[in-house]
Amino acid sequence: MLGYLGTGLFYPASAGSALLAPGRAFLLPGRTTHGHHQIELACESCHSSPFGGKQAMQKACEGCHAAELKEANDTHPLRKFTDPRNADRLEKLDATLCVTCHVEHRPGITTAMGLSLPRDLCFHCHAEIAEDRPSHAGMGFETCNSAGCHKFHDNRALYEDFLAKHLDDPPLLVSRILPARKLPEQKPVPVPDAKANPAVVRDWLETAHAKAGVNCSGCHGTPWQERPTQAACKECHAPEVKGFLAGKHGMRIAAGLPPMTPALARREMRSEAGHRALGCTSCHAAHRFDTQKAAAKACVGCHRGPHIEDYAKSAHAANGVTCASCHLPRVEWHDEDLGVKRILVQHNQSETLEPSEKMIRPVCLHCHGLGFSIDALAGRKVASLDMVRKRLLTRERSRK
Amino acid sequence: MKNILIGGLLLGASVQAHCQVSYKEMADALHAVMESDRTVYTRMVVNRLQNEEKVIKASEHFKDERALPLPAQMFRFGSEMVAEKKMGFSYALLSMWPINKQNAPKTAAEKEGLEAVAKDPAKAFYKEETLGRVKYYTAVYADRAVSPACVSCHNEHKDTPKKDFKLGQTMGGVVIRIPMK
Chain V
15 MLGYLGTGLF YPASAGSALL APGRAFLLPG RTTHGHHQIE LACESCHSSP
65 FGGKQAMQKA CEGCHAAELK EANDTHPLRK FTDPRNADRL EKLDATLCVT
115 CHVEHRPGIT TAMGLSLPRD LCFHCHAEIA EDRPSHAGMG FETCNSAGCH
165 KFHDNRALYE DFLAKHLDDP PLLVSRILPA RKLPEQKPVP VPDAKANPAV
215 VRDWLETAHA KAGVNCSGCH GTPWQERPTQ AACKECHAPE VKGFLAGKHG
265 MRIAAGLPPM TPALARREMR SEAGHRALGC TSCHAAHRFD TQKAAAKACV
315 GCHRGPHIED YAKSAHAANG VTCASCHLPR VEWHDEDLGV KRILVQHNQS
365 ETLEPSEKMI RPVCLHCHGL GFSIDALAGR KVASLDMVRK RLLTRERSRK
Chain Y
1389 MKNILIGGLL LGASVQAHCQ VSYKEMADAL HAVMESDRTV YTRMVVNRLQ
1439 NEEKVIKASE HFKDERALPL PAQMFRFGSE MVAEKKMGFS YALLSMWPIN
1489 KQNAPKTAAE KEGLEAVAKD PAKAFYKEET LGRVKYYTAV YADRAVSPAC
1539 VSCHNEHKDT PKKDFKLGQT MGGVVIRIPM K
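In the order they appear, the protein sequences are chains V and Y.
In terms of the working numbering, the first sequence opens at residue 15 and continues consecutively.
In terms of the working numbering, the second sequence opens at residue 1389 and continues consecutively.
If you are wondering where the hints come from, they were derived from the structure by calculation, not from laboratory data.
One thing to keep in mind: the hints can contain errors.
Said to hold, decoys possible - With beta-carbon atoms standing in for the labels, derived distance ranges:
{"#": "1", "chain 1": "Y", "residue 1": "Lys1445", "chain 2": "V", "residue 2": "Asn211", "range": "56 to 62 angstroms"}
{"#": "2", "chain 1": "V", "residue 1": "Thr305", "chain 2": "Y", "residue 2": "Val1443", "range": "35 to 41 angstroms"}
{"#": "3", "chain 1": "Y", "residue 1": "Lys1473", "chain 2": "V", "residue 2": "Ala326", "range": "50 to 56 angstroms"}
{"#": "4", "chain 1": "V", "residue 1": "Phe155", "chain 2": "Y", "residue 2": "Arg1454", "range": "35 to 41 angstroms"}
{"#": "5", "chain 1": "V", "residue 1": "Phe40", "chain 2": "Y", "residue 2": "Ala1496", "range": "51 to 57 angstroms"}
Where a beta carbon is used, it is the ideal one built from N, C-alpha and C, also for glycine.
So here's chain Y without its partners, still in its complex pose (with noise of 0.2 angstroms):
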């Protein structure tokens, strides 16, 4: 596995001016960080203030309805403005069952590893691929539903497709992807 040069801080670990990380451990930290804070948006402000304490809703037209963004949203929200600050790498939220079709997977990566972590969600699926002439490495994650917001809000969704999702279940996929040298 080729390595990349990235500053020691951004994994937590020892603190060195610079240390060798390789991608898979670089997609997997940044994903450690990721599904954190969407658990910790998921659990403690939607499914707390709407489906526990009835404070407000989340809606997908959350500026229209006064509400809270969907956990979705505030992903894919943090996902547009790293894109903007273009830092490289980039990540996506994708399903097998999207309620917007546009994060149905596309390439053959995305649709292998989606399956692969629907098939067994405590197993991350890693490969190269190219797109637009340039090789990624890319990463995909099993995204479960983490509490019964996910749930109810995608069962009950007019455009979903499926509609017997469970807790704990995988939802869809977080897919990270890491330009390689």
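This is chain V alone, in the form it adopts within the complex (with noise of 0.2 angstroms):
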């Protein structure tokens, strides 16, 4: 038994071994968060090394999340507390670390949002903010994460400017439209470099890639590889492979394990559906490659549940609002190696669904204004925006 337990415990490659993976199974010191349950037996993804301590843990965060973090504007991002003049506060809270605020496999401090995190993380640095804003005065420690105004890390939609802007921005905007992705130059190839069946040529031929000049064995490469995985893709679409291995899609192939099914989901999915390995083709059917298809059809031969049956009877289906325009926005990519941007679909879904707030920019104010959108995903009135229209009044009047 011990010799079992031990060789899932030293040997990675237990993870992805059906007869050894129990062994690691059976160590895992609680259940893990939604958002890691996935890789919960690759315990090296965030156990990076054995002695490495905190910071070997710090390093695992980071490079799953800092990149995200990095584009979100992080409000308080780690060089912030490493300046020596907030030394008196690192020793009440040591903001450097992730794991001060969310642990992992506790499931009792789990929140819904599927981390931990502590109700006063504000209160140690802001606890004066009264003296600076006035309005503040009285309000609970607790309530500057949990009433929707602030958020530790994303404020993009939240920040103080940025609401008077919008302040009196209409529930539903005249023009409702998600930006247009860039595509790249338009080279055509007619002509199939491989033999194949007339269905899979007309597929082809009406896809992007036959426009795109990409042939059969651009993706099939040479040798020929019957069927290529996210890494043929990735060699044209590297943004939107990297956004699939950081989601709840591929994050299991980027820890080095047999890839996601929904068998394995939390979320309610199809039973027929349990088996389905997860890789690009399985919402993007080859040859075809039909976007619209992978936008809602895709989703809803694998998800089910209450979510997918409102959205059925929804205003958003009425309007050709699909699962992807929330759940895999059209974001603006910045690639830094050639100094350029673009608009491409965010393919980790994670990165714009909790908290909800991130979702506003990249996927409400498309179509709803700032405030319609706060509240419809606090599903409650939140008073930023009243606070931010009073504090503009009290300046105006202050001025004449």
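Make one complex out of these two single chains by using the hints.
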């Protein structure tokens, strides 16, 4: 028994082995969060060094989450806390480590959002906020975060000047349109460079691949690979594949595990789809790569539950808003190597999912006003816009 | 004054493998680079393009507004990048009249230093202080309004506690900290 558990613990490949994986599962110290459960048996993903301590763990957190935080203009980046002038604050709350606030394997203190979050996280540094903002006097220490006004990391849709700019947005904007994706330059190749049945050739000819000069060998490679993986897609769609591997559909592959299947999910899934191993072609069926199908039909092929049933009856469905419009949004992507930016689909669903305020700018504001979006996502009236309106009025009066 | 060993090239002095440099000399040299770069960006980029040529604005929300970062942000981003490189020393732009209250003086040395350079901008302030059980050599230098853009932006900002800055006046200070061996 000890030998079996020991092999599970010390042999990383046991995470992907049907025989040895139960040994690893037995050693889990507690139920993992829904963000990590898919890779919970790849212990090394987080516990990268057995004797590396908290810093090794921190490195692992940053390995997966640092880019997203940077993109979000993280309001509280690590470098803010390494400044010696904040040494007294660090002694109270070590904000240089993610695990100070977010601990894993502790279901008793894990929130619905999928992580632990101390209620007093703002208090230690901002206890005197009412001196600067009298409107905040008397507010509970937990309300900064819970009232829907501020977030620790991502405040792109919540900062004062942005709220002020959108004070009078109507609930539904006159122009409601998603940003257009910018596709690579078109160089058509109308002749396939491999033998294929007519249906496959027809599908291929109708796709952007044929128009962009991507022939059969462009995906199937040389020597011929019968079923290309995301590695082939990455040649042209690197940011999309990066997002896929960072999100719920591809994170198991990124962790060196067998691909995700709906049967492994904690969310409600269709039983008949349970065995499907997820890759790029699970949603973008070859050889047609129909993005419209991938935007909704592909999702409901696996997902089920009240959210999907409600969607079918919603104004969103009636107006052409797909699952992807909200959960795989079109975002601005910056290629720092080339120094360019373009619009593409973010394939990491988590990046715009929780906390829900992350969805406001890349998703909701394409069709809805800011106030409506904040309230709709919070499920109640949030006071932040009214407070900014009052502040602007007070400022205006003081000028006169 | 204790000396520290640093690469001679850093000070642009004679090219030698190593040389002995005091904490004060090190801080002064670092500040000379910071102040020069800061002045160049403020005068030759922001003031020229925003105030004189009126080609592009500088804004606190430069990404959202497709504008230039403010000189103070430019300085701060540099400071943050240095912090990420873990070079040992750190620097910050602070003020007794900060727009962001987090940039008000916090330690005794910062308060004393900012007051000193406000009174006599030509003279830097030096002090040793202990923060988080680490002893630092702390130097504070006056940060002056080097162009009309500094004055107009600060005086008109909605969160400014002071609305009568004048060109050439001290608006705050650059605080450099070097951990002492």
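Going through the hints against the structure:
1. One distance hint, 56 to 62 angstroms for the beta-carbon pair Lys1445 (chain Y) and Asn211 (chain V), holds here, with the actual separation near 59 angstroms.
2. A hinted range of 35 to 41 angstroms for the beta carbons of Thr305 (chain V) and Val1443 (chain Y) is consistent with their spacing of about 39 angstroms.
3. Separation of Lys1473 (chain Y) from Ala326 (chain V) is about 53 angstroms and conforms to the stated range, judged on CB atoms against 50 to 56 angstroms.
4. Phe155 (chain V) and Arg1454 (chain Y) have their C-beta atoms about 37 angstroms apart, which keeps the hinted 35 to 41 angstroms range intact.
5. At roughly 55 angstroms, the beta carbons of Phe40 (chain V) and Ala1496 (chain Y) sit within the given window of 51 to 57 angstroms.
Hint compliance for this structure: every hint is met.
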